[in-house]
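Protein sequence lines correspond, in order, to chains A and B. Start counting the first sequence at 0; every next residue gets the next number (numbering that gives the first Met the number 0). Start counting the second sequence at 0; every next residue gets the next number (numbering that gives the first Met the number 0).
Do not take every clue at face value.
[As the list claims (entries may be wrong)] With a straight-line cut-off of 16 Å between C-alpha atoms, the simulated EDC-like cross-links for lysine to aspartate or glutamate are:
1. B:Lys400 - B:Glu486
2. B:Lys644 - A:Asp471
3. B:Lys644 - A:Glu669
4. A:Lys576 - A:Glu669
5. A:Lys644 - B:Asp471
6. A:Lys644 - B:Glu472
Source of the hints: derived by calculation from the structure; they are not laboratory data.
As a plain string of letters, each chain reads:
There are 2 protein chains.
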Amino acid sequence: MKYIYSFSEGNQKMKDLLGGKGANLAEMTNLGLPVPPGFTITTEVCNYFLEKNEYPAGFEHDLNEKLDELEHAIKKTFGSKTNPLLVSVRSGSKFSMPGMMDTILNLGLNDDTVAAMIEKTGNDRFCYDSYRRFVTMFANVVMGVGHDHFEEALDAAKKDKGVELDTEMGAEDWKKLVGIYKEIVKTHAGREFPEEPREQLRMAIEAVFSSWNNKRAVTYRNMHGYAHNLGTAVNVQSMVFGNMGEQSGTGVAFTRNPSTGEHYFFGEFLLNAQGEDVVAGIRTPEKIDMLKEKIPAAYEKLFEIQLKLESHYRDMQDIEFTIEEGKLYMLQTRNGKRAAAAAIKVAIDMVSEGLITKHEALKRIDPNQLQQLLHPSIDSKAKLEILAKGLPASPGAAAGKIVFNADTAYDMAETGEKVILVRKETSPEDIHGMHAAQGILTSTGGMTSHAAVVARGMGKCCIAGCKDAQVDEASKTLRIGGEVFGEGDVITLNGSTGEVIRGLAPMREPELTEDFETLMAWADEVREMKIRTNADTPFDAEVGRKFGAEGIGLCRTEHMFFDTDRINLVRQMILSKDAADRAAPLKMLQAMQREDFKGIFRVMNDLPVTIRLLDPPLHEFLPDTDAKIKALAQDMGVEFEALRKVASSLHEINPMLGHRGCRLGITSPEIYEMQVRAIFEAGKAVVLDGVKPLIEIEVPLVGDVTELKRIRTMIFEVAAEMEPLNFSWKVGTMIELPRACVTADQIAKEADFFSFGTNDLTQMTFGMSRDDAGSFLPFYTEQGLYKNDPTETIDQEGVGQLMRIAVKLGRSTKHDLEIGICGEHGGEPKSVMFCQEIGLNYVSCSPYRVPVARLAAAQACI
Amino acid sequence: MKYIYSFSEGNQKMKDLLGGKGANLAEMTNLGLPVPPGFTITTEVCNYFLEKNEYPAGFEHDLNEKLDELEHAIKKTFGSKTNPLLVSVRSGSKFSMPGMMDTILNLGLNDDTVAAMIEKTGNDRFCYDSYRRFVTMFANVVMGVGHDHFEEALDAAKKDKGVELDTEMGAEDWKKLVGIYKEIVKTHAGREFPEEPREQLRMAIEAVFSSWNNKRAVTYRNMHGYAHNLGTAVNVQSMVFGNMGEQSGTGVAFTRNPSTGEHYFFGEFLLNAQGEDVVAGIRTPEKIDMLKEKIPAAYEKLFEIQLKLESHYRDMQDIEFTIEEGKLYMLQTRNGKRAAAAAIKVAIDMVSEGLITKHEALKRIDPNQLQQLLHPSIDSKAKLEILAKGLPASPGAAAGKIVFNADTAYDMAETGEKVILVRKETSPEDIHGMHAAQGILTSTGGMTSHAAVVARGMGKCCIAGCKDAQVDEASKTLRIGGEVFGEGDVITLNGSTGEVIRGLAPMREPELTEDFETLMAWADEVREMKIRTNADTPFDAEVGRKFGAEGIGLCRTEHMFFDTDRINLVRQMILSKDAADRAAPLKMLQAMQREDFKGIFRVMNDLPVTIRLLDPPLHEFLPDTDAKIKALAQDMGVEFEALRKVASSLHEINPMLGHRGCRLGITSPEIYEMQVRAIFEAGKAVVLDGVKPLIEIEVPLVGDVTELKRIRTMIFEVAAEMEPLNFSWKVGTMIELPRACVTADQIAKEADFFSFGTNDLTQMTFGMSRDDAGSFLPFYTEQGLYKNDPTETIDQEGVGQLMRIAVKLGRSTKHDLEIGICGEHGGEPKSVMFCQEIGLNYVSCSPYRVPVARLAAAQACI
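Please put together the full structure from these sequences, using the hints given.
So, in structure tokens, the structure goes:
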């Protein structure tokens with residue numbers, strides 16, 4: 000096992016072993032670029048060390064050898080009193096985790112070497128400043144001494160001297176302070192500050208290793224779904240100094256503009272400064288063009304190098320450099336992070352420049368990023384006061400007056416007010432209020448809570464599970480920290496970050512570029528799966544179609560039931576004593592649903608529309624408190640007691656596992672019959688207008704083939720009555736129960752198609768309600784118990800295993816069975832890839848995620 | 000295809016084709032016994048007819064041929080004016096369904112043949128009575144004319160004549176009535192009564208076929224789990240008459256006493272009577288011994304035949320016979336139904352008689368029947384007033400005063416009162432009341448509702464889901480029909496039938512016989528699976544061990560938490576602000592749990608005890624209404640608002656899918672730590688007394704191996720602290736989530752054992768909460784959508800499939816992994832068989848079901 004690689008021994012493909020930074024330093028070295036010499040300790044050593052708390056056998060020997068080599072190569076020596084070697088020690092893992100782990104600069108300084116440095120540079124103030132910075136950094140990062148101790152000492156020293164600014168401190172002041180700092184270290188770390196450079200180095204390496212598991216890093220990996228067992232490499236590199244005068248400097252540059260994607264050399268630099276200063280923003284840097292005037296030779300060299308790097312890496316590079324007394328050194332290169340619009344422009348441009356292929360261009364874009372382009376967003380340059388942070392449940396931005404219930408939201412929106420609906424949680428009864436609101440903020444519930452799902456479906460901004468927000472709907476107060484907000488107070492939500500912002504934040508409108516359309520067209524050429532949208536209204540259908548949906552994968556009929564003018568009919572139906580009594584409200588609902596379906600069929604002319612029959616339990620249509628029941632009873636002219644009795648008889652302890660889905664259709668067949676009639680009537684009506692409906696009737700919550708068989712029989716009976724039906728129609732089912740998966744061969748006998756309802760399937764498979772998971776799921780993902788939040792991305796090991804079984808069994812009965820997915824996962828890139836892998840025919844997602852799914856589906860084929 | 004078999008063409012093995020009755024008539028015919036000739040139409044014809052609504056081609060030809068044969072054989076002719084053939088037409092399916100389908104006697108009577116019969120018998124009154132009975136029966140069964148019309152006409156005729164009893168009616172009266180009856184038929188059936196015997200026969204056959212699908216028959220099949228596609232055969236048999244004078248008679252007999260199993264010829268007969276009369280109980284029959292005196296030759300013959308039949312069939316026979324003018328005819332034989340105690344005695348006796356083997360004896364007993372012997376039962380001979388009927392949720396009988404809440408139940412029981420706890424439904428907070436009550440009656444919930452599960456666990460009588468009972472806990476009333484019962488009114492529950500009985504019904508104590516012990520010993524010799532019991536207390540453990548349990552398969556620690564003296568400590572713990580605050584109540588709980596475990600370990604010395612760590616969500620320990628919260632706040636000396644806030648923050652929408660099981664153990668590790676310490680402390684303590692505890696710590700609701708790994712690590716850490724632990728202990732998990740099944744290979748890496756929690760697994764797999772299924776599940780089983788209620792018997796296709804996967808995956812990781820089951824299904828015979836089939840090591844069930852499981856496990860091996 001090789002523990003350490005000199006930069007000249009590695010290459011860019013060795014990221015697993017050397018980390019991104021190390022691999023790229025090696026690559027640049029081998030390209031002949033001016034990289035200060037150094038070496039990389041592998042991630043394997045890190046993992047060994049983290050597991051055993053010691054170095055592997057022979058490591059220290061190798062380290063000494065590499066140090067000897069390095070000293071020899073650059074003719075400097077650790078601890079030398081004349082020509083001392085100073086190094087930087089930096090972490091670098093496979094995936095870039097900026098700022099998450101530790102870095103130590105100027106390692107090798109001690110009382111002897113600082114003197115040698117002064118001798119060499121003639122700048123004693125700079126040298127002592129570097130020294131005291133090194134002591135602070137080392138003591139803090141490696142020895143765990145709090146920053147505040149050093150701050151206090153510095154303040155005291157400045158007070159003593161009667162000055163206010165660091166710049167007013169002289170060489171002697173810094174020197175004295177180094178002494179004081181070392182005392183602080185002794186007091187708080189319980190040992191002397193290590194003077195011996197090789198000891199400093201060993202301690203620094205261990206500290207970098209350990210930083211792999213610091214809280215920030217763990218959280219970052221969880222956020223980005225990176226594995227926790229990768230480990231970090233450690234890069235030990237000889238220091239160069241950009242702060243040795245006006246012919247020295249440091250900078251950060253991109254080979255293209257990372258915000259816009261425009262193709263020109265873009266960057267910033269500072270003369271007479273060290274690396275960190277540009278990023279930290281202590282001084283305002285200059286534009287890279289100015290370097291041409293200030294140090295022309297270095298600029299020319301840098302310009303050449305960036306051209307070379309981009310064409311070598313075939314991607315936009317983010318580079319760091321330092322100029323030491325006129326000589327350019329490269330300290331880092333990596334693929335540059337870029338905004339969504341920039342990502343697209345860069346990819347498209349590179350294809351026309353012949354640098355990359357279309358397939359490569361498609362792989363360059365993170366599908367999730369596309370969403371940034373589809374929603375209005377908060378102007379990130381504005382100064383914002385963040386009040387609290389919740390889950391970024393539905394992207395976009397929204398601002399408005401706080402309201403605490405759906406009715407008020409509806410009423411205020413009617414008068415033209417913009418409102419934010421703030422609830423503990425939402426329920427289907429709040430739909431009209433959610434529709435009316437600009438955005439939704441809830442204090443409980445997760446990324447797939449009702450509020451989140453519905454908001455995403457509506458393309459509406461939502462922050463869910465905002466724990467810092469205490470919502471009291473009764474007293475109409477929102478408490479954040481010590482502050483209380485009431486109805487009418489204005490807040491802004493950033494659904495892309497989960498931030499709740501005080502007042503009205505400035506917004507930016509989205510613009511869909513020609514590049515965007517080009518990229519989508521390329522994606523469509525490549526992908527094999529169809530993309531459909533989940534849409535309950537003609538408007539949603541139109542949005543979906545505009546974004547490229549090739550059908551509706553899920554039309555939830557219950558949302559039509561909750562409309563204000565209909566819910567009372569639904570209630571009348573529920574309260575009916577018998578079938579005869581029920582006939583009148585059903586007839587009226589039928590006429591209304593027919594019109595809904597006509598509208599949707601028209602928009603989706605010639606594209607398939609999957610309509611799910613009624614799914615929620617009936618109690619969702621009735622109020623749940625005595626007060627609301629009383630009000631409704633008065634409204635409907637029925638007796639309070641009678642209504643309360645019905646509501647209480649329908650009450651369920653676990654509604655998710657209750658009397659819903661096809662169970663309703665089986666015990667109360669007249670409801671499904673009505674819906675099927677409405678669907679067929681709508682089909683017949685639009686055919687007369689030359690529209691071609693492709694209808695797929697979907698039966699929810701089937702657990703046993705007998706359920707589907709019974710409802711399918713009913714549908715065929717209704718169809719027979721209504722002949723001729725001169726359009727295409729099919730009958731299929733949601734696969735959303737574990738039992739449906741393991742009996743899919745039976746179910747396929749009665750199904751023309753399957754559609755995975757992965758929301759419910761995930762909940763049943765895990766035994767975890769999305770509405771209740773808020774109390775433990777965040778803990779699980781934070782602690783790495785779940786690699787991913789299964790409500791966000793399909794759990795491939797568990798839920799995915801059941802899906803594989805269902806696909807296999809279903810197609811063993813009908814080899815060409817059409818199978819899709821309509822859960823929330825249908826628009827999530829990793830899940831889309833999985834759907835391609837297991838052979839689904841289509842994914843369906845909310846309208847605003849259609850482009851995301853198109854791209855992800857294309858990537859899955861590359 | 001052969002449609003019809005003469006009795007001489009069949010045999011007892013052809014039950015599928017000829018039904019039980021037909022097969023046995025054939026068998027007896029071939030044994031040379033005196034069976035009136037006849038033939039059997041196959042079940043295949045029935046199924047064809049039911050599907051196509053017509054006879055298969057050639058059937059009518061065959062029927063005529065068989066009739067010709069029959070006429071020829073007994074020298075009587077259908078419709079003959081001198082020697083007419085009369086037949087009975089009876090259904091007969093594979094499984095006996097007594098009284099469920101239709102029978103027609105004396106078919107062939109019409110105005111001509113009745114005259115011939117009078118000529119033959121010289122008894123005109125008897126002949127006309129038979130005729131009018133035939134018309135009534137035929138009109139009702141075949142032509143669908145209601146009985147009441149005939150009753151009315153009869154009443155009118157009697158009134159006319161001025162008499163009150165049927166026996167006062169003469170031949171002429173009956174003759175006149177036949178005319179009136181035929182008019183009634185014409186009016187209500189819309190056609191003439193068929194006079195032609197072959198037409199009568201065809202119509203009767205069709206009616207018998209159709210009766211396969213009448214409501215009674217369907218319900219009966221559902222109740223007994225018989226398939227609906229078997230069809231019925233039709234037996235056409237020449238009539239013999241037991242009512243032709245004092246040398247004629249009819250009777251029913253058993254080869255042994257069916258109530259007690261005693262070995263003597265047992266039966267009853269009536270002289271001068273027709274078949275039905277004995278069963279219908281119109282006249283009081285005489286004991287069979289008396290026949291020896293009345294018609295000695297026939298008795299001798301009958302006695303010989305019954306001996307022959309029992310040794311031929313090698314089982315106790317239930318036989319029907321008729322004596323026509325001194326000549327004995329056999330009309331039926333079948334294996335006799337018998338009470339539980341009798342079943343055991345007969346089986347054991349037959350083994351010692353050398354008639355059957357031990358294995359056969361074991362197979363003869365329905366394991367479920369054993370339960371009759373383990374619970375006190377209502378004296379079925381007593382006169383009872385049934386008020387309502389619910390689900391027979393937990394067998395046995397209980398009587399007492401009605402109470403409507405657990406506290407009252409507890410308080411009244413303390414004073415020595417016997418009470419019945421009547422609730423809409425029960426919750427874990429009611430445990431003490433349930434313990435205190437004699438029995439439990441709930442108006443909602445199913446066979447595995449809380450009340451049902453807990454009651455069975457306690458071996459306590461329970462009727463659940465009694466829809467006719469309206470319970471209003473607030474006003475303390477129980478409304479049944481128009482009547483209102485209040486607190487203190489006495490009722491009796493029959494948990495074996497679901498009957499609610501007015502007042503105090505007389506009871507019978509159970510006695511365990513020597514035969515019972517013998518049978519159990521035989522079962523133990525044969526079976527391969529171990530039988531454990533579910534027990535939460537030393538008392539339950541003792542009962543289980545008494546019944547032969549070889550360990551505890553599930554000890555639910557939460558039941559210990561609900562005890563009155565502990566729940567407040569639990570609440571204190573929940574309300575604690577931090578770990579420090581929580582330490583005190585946890586310490587006290589730990590001491591209490593340690594004592595619980597010590598008691599259980601002592602009882603189960605040298606047998607394994609599986610202890611499940613806390614499972615229910617914390618909100619179950621807090622009250623759920625403001626009023627109760629207020630009371631508790633006062634009790635605990637905390638602020639109402641604070642308590643309400645905690646309760647409301649713990650509230651869950653779907654508690655079954657919420658923050659429970661190992662999720663609790665992960666987010667609040669101190670609770671599980673406390674429990675593990677208590678377990679180990681108890682182990683260490685009893686070892687000092689020479690007791691050998693075999694401890695299995697079980698982690699509930701594991702969905703991902705990471706959960707188990709984390710808790711296992713914690714347990715090992717606690718163990719390391721407490722060394723030396725000089726007893727055996729293991730760590731394993733419940734398999735109760737679909738995800739656990741499909742990732743069982745991963746989970747097995749961290750598990751020493753698996754135990755299927757099929758209650759939850761069934762609920763998750765079906766997406767069906769046992770608490771909410773009452774609104775649709777009965778409909779499903781009634782309508783045959785589910786073959787079995789999956790909460791009662793393991794759903795082998797779905798849940799069972801997941802179990803197979805889990806066993807296969809689990810043992811692919813550890814080939815000798817110990818796997819058991821501890822759900823309610825563990826004591827249900829069909830499920831026990833399935834557990835043997837998939838290779839489980841043990842089943843665990845409530846103490847009172849242990850003998851059932853022992854027998855079922857033995858049967859599974861035969």
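Has the given pair, Lys644 of chain B with Asp471 of chain A, been kept, meaning a C-alpha gap of at most 16 Å? Cα-Cα ~11 Å, so holds.
Does Glu486 of chain B lie within 16 Å of Lys400 of chain B when you go C-alpha to C-alpha? Holds, because 7 Å separates the two Cα atoms, which is no more than 16 Å.
Restraint check for Lys644 of chain B with Glu669 of chain A, where alpha carbons must lie at most 16 Å apart: 43 Å, violated
Mind checking the alpha carbons of Lys644 of chain A and Asp471 of chain B for me, to see if they're no more than 16 Å apart? 11 Å, holds
Is Lys576 of chain A close enough to Glu669 of chain A, meaning Cα to Cα at most 16 Å? Judged against 16 Å, a Cα distance of about 13 Å means the pair holds.
Lys644 of chain A and Glu472 of chain B were given as a pair; does the straight-line alpha-carbon distance stay at or below 16 Å? Holds, at about 14 Å.
Figure legend: structure checked against the earlier numbered hints; the only hint not met is number 3.
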